[in-house]
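There are 2 protein chains.
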Amino acid sequence: MNMSVKLIENAVGRMVPTEINGQKEIPYMGVGKFIPKKRKYNSYISTNAEFPADGNKKVKNLKEALQKAGLANGMRISTHHHFRDGDLLANMVFDIAHEMGVKDLIWFPSASFPCHEHLIPYLEDGTISRIEGSMNGPLGKYCSEGKMKGVAVLRSHGGRYQAIQDGEVHIDIAIIGAACADPFGNANGLNGKSASGLLGFALADSQFADKVIVATDNMVAFPCVPWQIQGNYVDFTVEMDQIGIPEKIVSGTTQITKSPDRLLIAELTARFCEEAGIIKDGFSFQAGAGGTSLAIGEFFCRIMKEKGIKARFARGGSNKYLVQMLEEGLVEYILDGQTFDLEGVRSMRENSNHVWTSPFTSYNYHSKGNFAGMVDVAILGATEVDVNFNANVVTHSDGYLLHGIGGWQNCLFSKTVILPIPLFRNRIPVVREEVTTICGPGELIDVIITERGIAINPLRKDLLKKLKESNLPIKSIHELKKEAEEICGIMEKCVLSDEIVAAIKWVDGTVIDVVRKVL
Amino acid sequence: MNMSVKLIENAVGRMVPTEINGQKEIPYMGVGKFIPKKRKYNSYISTNAEFPADGNKKVKNLKEALQKAGLANGMRISTHHHFRDGDLLANMVFDIAHEMGVKDLIWFPSASFPCHEHLIPYLEDGTISRIEGSMNGPLGKYCSEGKMKGVAVLRSHGGRYQAIQDGEVHIDIAIIGAACADPFGNANGLNGKSASGLLGFALADSQFADKVIVATDNMVAFPCVPWQIQGNYVDFTVEMDQIGIPEKIVSGTTQITKSPDRLLIAELTARFCEEAGIIKDGFSFQAGAGGTSLAIGEFFCRIMKEKGIKARFARGGSNKYLVQMLEEGLVEYILDGQTFDLEGVRSMRENSNHVWTSPFTSYNYHSKGNFAGMVDVAILGATEVDVNFNANVVTHSDGYLLHGIGGWQNCLFSKTVILPIPLFRNRIPVVREEVTTICGPGELIDVIITERGIAINPLRKDLLKKLKESNLPIKSIHELKKEAEEICGIMEKCVLSDEIVAAIKWVDGTVIDVVRKVL
Numbered sequence: 001m002n003m004s005v006k007l008i009e010n011a012v013g014r015m016v017p018t019e020i021n022g023q024k025e026i027p028y029m030g031v032g033k034f035i036p037k038k039r040k041y042n043s044y045i046s047t048n049a050e051f052p053a054d055g056n057k058k059v060k061n062l063k064e065a066l067q068k069a070g071l072a073n074g075m076r077i078s079t080h081h082h083f084r085d086g087d088l089l090a091n092m093v094f095d096i097a098h099e100m101g102v103k104d105l106i107w108f109p110s111a112s113f114p115c116h117e118h119l120i121p122y123l124e125d126g127t128i129s130r131i132e133g134s135m136n137g138p139l140g141k142y143c144s145e146g147k148m149k150g151v152a153v154l155r156s157h158g159g160r161y162q163a164i165q166d167g168e169v170h171i172d173i174a175i176i177g178a179a180c181a182d183p184f185g186n187a188n189g190l191n192g193k194s195a196s197g198l199l200g201f202a203l204a205d206s207q208f209a210d211k212v213i214v215a216t217d218n219m220v221a222f223p224c225v226p227w228q229i230q231g232n233y234v235d236f237t238v239e240m241d242q243i244g245i246p247e248k249i250v251s252g253t254t255q256i257t258k259s260p261d262r263l264l265i266a267e268l269t270a271r272f273c274e275e276a277g278i279i280k281d282g283f284s285f286q287a288g289a290g291g292t293s294l295a296i297g298e299f300f301c302r303i304m305k306e307k308g309i310k311a312r313f314a315r316g317g318s319n320k321y322l323v324q325m326l327e328e329g330l331v332e333y334i335l336d337g338q339t340f341d342l343e344g345v346r347s348m349r350e351n352s353n354h355v356w357t358s359p360f361t362s363y364n365y366h367s368k369g370n371f372a373g374m375v376d377v378a379i380l381g382a383t384e385v386d387v388n389f390n391a392n393v394v395t396h397s398d399g400y401l402l403h404g405i406g407g408w409q410n411c412l413f414s415k416t417v418i419l420p421i422p423l424f425r426n427r428i429p430v431v432r433e434e435v436t437t438i439c440g441p442g443e444l445i446d447v448i449i450t451e452r453g454i455a456i457n458p459l460r461k462d463l464l465k466k467l468k469e470s471n472l473p474i475k476s477i478h479e480l481k482k483e484a485e486e487i488c489g490i491m492e493k494c495v496l497s498d499e500i501v502a503a504i505k506w507v508d509g510t511v512i513d514v515v516r517k518v519l
Numbered sequence: 001m002n003m004s005v006k007l008i009e010n011a012v013g014r015m016v017p018t019e020i021n022g023q024k025e026i027p028y029m030g031v032g033k034f035i036p037k038k039r040k041y042n043s044y045i046s047t048n049a050e051f052p053a054d055g056n057k058k059v060k061n062l063k064e065a066l067q068k069a070g071l072a073n074g075m076r077i078s079t080h081h082h083f084r085d086g087d088l089l090a091n092m093v094f095d096i097a098h099e100m101g102v103k104d105l106i107w108f109p110s111a112s113f114p115c116h117e118h119l120i121p122y123l124e125d126g127t128i129s130r131i132e133g134s135m136n137g138p139l140g141k142y143c144s145e146g147k148m149k150g151v152a153v154l155r156s157h158g159g160r161y162q163a164i165q166d167g168e169v170h171i172d173i174a175i176i177g178a179a180c181a182d183p184f185g186n187a188n189g190l191n192g193k194s195a196s197g198l199l200g201f202a203l204a205d206s207q208f209a210d211k212v213i214v215a216t217d218n219m220v221a222f223p224c225v226p227w228q229i230q231g232n233y234v235d236f237t238v239e240m241d242q243i244g245i246p247e248k249i250v251s252g253t254t255q256i257t258k259s260p261d262r263l264l265i266a267e268l269t270a271r272f273c274e275e276a277g278i279i280k281d282g283f284s285f286q287a288g289a290g291g292t293s294l295a296i297g298e299f300f301c302r303i304m305k306e307k308g309i310k311a312r313f314a315r316g317g318s319n320k321y322l323v324q325m326l327e328e329g330l331v332e333y334i335l336d337g338q339t340f341d342l343e344g345v346r347s348m349r350e351n352s353n354h355v356w357t358s359p360f361t362s363y364n365y366h367s368k369g370n371f372a373g374m375v376d377v378a379i380l381g382a383t384e385v386d387v388n389f390n391a392n393v394v395t396h397s398d399g400y401l402l403h404g405i406g407g408w409q410n411c412l413f414s415k416t417v418i419l420p421i422p423l424f425r426n427r428i429p430v431v432r433e434e435v436t437t438i439c440g441p442g443e444l445i446d447v448i449i450t451e452r453g454i455a456i457n458p459l460r461k462d463l464l465k466k467l468k469e470s471n472l473p474i475k476s477i478h479e480l481k482k483e484a485e486e487i488c489g490i491m492e493k494c495v496l497s498d499e500i501v502a503a504i505k506w507v508d509g510t511v512i513d514v515v516r517k518v519l
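Protein sequence lines correspond, in order, to chains A and B.
Read in order, the letters of the first sequence are residues 1 to 519 in the working numbering.
Read in order, the letters of the second sequence are residues 1 to 519 in the working numbering.
Keep in mind that the hints were calculated from the coordinates and are not lab data.
One thing to keep in mind: the hints can contain errors.
When chains are identical, the list treats them as one kind, so a pair holds in a single copy or across two.
Dumping the calculated BS3-like pairs for lysine-lysine here, alpha-carbon to alpha-carbon at most 27 Å [as the list claims (entries may be wrong)]: (1) Lys40 / Lys24; (2) Lys258 / Lys141; (3) Lys320 / Lys141; (4) Lys415 / Lys58.
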């Protein structure tokens, strides 16, 4: 980025720019400290008079849709990531843009995956100028190496909704892939070969983009029910042969961990929740779909069955294990943000207690509350945690940007946030003096659970008191760090360039940290 | 209204003001002719930081909610009419306002009913300055007699959404009564003693009002599923003993007509639809819940069974007859805007093919199309029709404003619009030289069906051609008028004051006609 831009120290002590890609930015001010005094973004009023009287918005193909939507140099193009590593659509969009000779597009995905490595040539030849969105894998590496023209901007799922709603990001054209749609543009992710469960990550795009294209490989007669995306927001619809690779959309490969260390972490987490009084009748939880999280879910099941209690709701990422809990009556509702396997899709289609949500309902910080705050315990991951409980989820300790934020920042607003993490990975400590990139402020992170001990944030005096007599291995975060260093040695802080390649937004749109070019 | 305001002749030849209640207005320009070039209304950005961290927005009672919402002189207060003549809430709101000594409120209901006669003293003592919304019965009479301070503004269901969305109407406080809600503000009309089926008429209010209060007599633990109203838009929630009178919310008294004339009209309508080729496999229809409409539905059933076909969808107002068609498989989907009986509520709760809609999806003319245009045939009522097929639904021929517009204007965009009406009522012709109030332009009204003949709009050459060899009593609209006059005599046009007491908006926010004070 332009090196003349002024850097300011923000509320977590990081130097961040006051301008990114030519746009003014606000440094992170602390949790709940930034109170916006402006209005939401308002798109132009449309009128039915300019749309087909019979509601049929079908055009011949994706190219025609993009042409009619006025695809032009410099536009911001959004896509969603419900197809995960099975996405074909985003790649096709930029193939067409390239073929049309359009340049300097900004790609604004809700996240990108290894399959989008396909787009690197377009970053090189100027079809795409930059990516604003979480980058998993190859694109993150590309960005880390300073090869991307502009500065990447990473946001949480909720932060992405917030940024669009607040007008920080203006979308020219949104392309929404759907497993099922009607010619009017009503769409869902439930029915069809490209079933992804839901389409919540595209909700803001549909509501606020200038032009909205719905593409489907399963066009049905109006009405496509349920309409997770509402046709009233849609300009054009396209019927295509294939928009995703089913087995990569819902891989179904997630399995409970078999690693003894991870199982120990899972067991400690469940025991901690039990002793802290979190697991009680009517409680709620959110856990990821990783192997450790799934194991924690299994331990939760056992405890609930023993106690004869049930949870009021679980937040997903859903998968077969969570669905089983719902069907066994251990959980009354699944409030789901994305389905990770076909069992999740089936359950969402069949069971009205398996409810599809969106980043608006669940995570938008610039609304009148959201669902995250009502969750009793959120169990999340991290690449690094520091002695102030600040955590990192986007970079590795070598500085490489390899992961997205997902809903992680948003979930930090749950009543209790627990990070079950290994004390070290590949002989690199996870608990450290300082994290490479701050994604979440320590004040929101309550408990660190490792295979060698549990650290409770000193701010949570209530938890410290409750666990005072516990047999669990409660330690201080400094003790955990020391143990990690005794095993791995003291790591030197990785040396990075001054050049900023990416900015990390907080849930309120302020800048919490930056990512610098690796040397 | 201020008599110095300039009147302009609009596209249907009516003299309408360019200013109403101090706000600039655009005269009706013709169907699809007004193309707005401005942005939607945008409310201020909220932040979670200013709402309870645990999502519990419950306050002690309705008064506290109104106080916390900042109820003050001159504010615009909105309510919805899903409780119909069983609504207790709107009356309570103004009882509290009166008790607090607040003055000059503008009441902005989605419609009002005879039960709201309770509010006339508040119109007299200045608690309420005027009503902007459809008025059924006593309040309409009150307005017609010129007793209300300002000018009433009547809008269709879709027009109300449009006006709020476009910022023509700013709501200070919305009060949303719900049969079921959680402390966060998620709400639906499905579960509880005050079940009204759905809450779509309050959708725009929830999205755009400054402050939103959800009141319920059935508070459940989060999550209240489905969330027809999303808690993310809600400021305060209130638990109350009773918000409506169940037997007046869903009266269940609607019966198929037994009148021989009405039955004849119904039969002619069904036969017309059959001969016009409208009733075919996969077709769609919208009919009201009046006695004649229900009879038409029965005739449709018979024809579908004979032909062995089914409808893709029916638009409701749902009732037990429509539910029966759904359950018998004659209709694949009900897309429902309001439920008229408990069978409608039950079906919507149980059957995922009985879908709740909103004025946004169904009727908003300022979006990228809406559902109305996809309906093959809409069967609607009218108080008067003129020789140019213009129709009236709000005033009687004596000039009294006694009905609301409902979704009537919006449904005129269906592919074929049929008005099955008696040729005269109480010896007053329904088909006349000129209607008292133009609510819908003749170019959108295709067929008038009376017990004494059927008139096809000359614009529909296709229908005239299709029905050329028909044995149905096809006549010209002039012939129908003449027959009416032969029986009833030629009516003198009712003489009204110059004073304008109400304005009738078209679906795009322009002024299509006015209502004048009765003498």
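Results for each hint:
Taking the closest pair of Cα atoms, Lys40 and Lys24 come within 27 Å of each other both inside a single copy (17 Å) and across two copies (25 Å). When the C-alpha separation of Lys258 and Lys141 is checked against a cutoff of 27 Å, the pair qualifies neither within a copy, at 30 Å, nor between copies, at 76 Å. Taking the closest pair of Cα atoms, Lys320 and Lys141 never come within 27 Å of each other, the shortest separation being 32 Å inside a single copy and 61 Å across copies. For a Cα distance limit of 27 Å, the shortest separation of Lys415 from Lys58 across copies, 19 Å, qualifies, whereas the shortest one inside one copy, 46 Å, does not.
Violation of the numbered hints given earlier is confined to hints 2 and 3; the remaining hints are satisfied by the structure.
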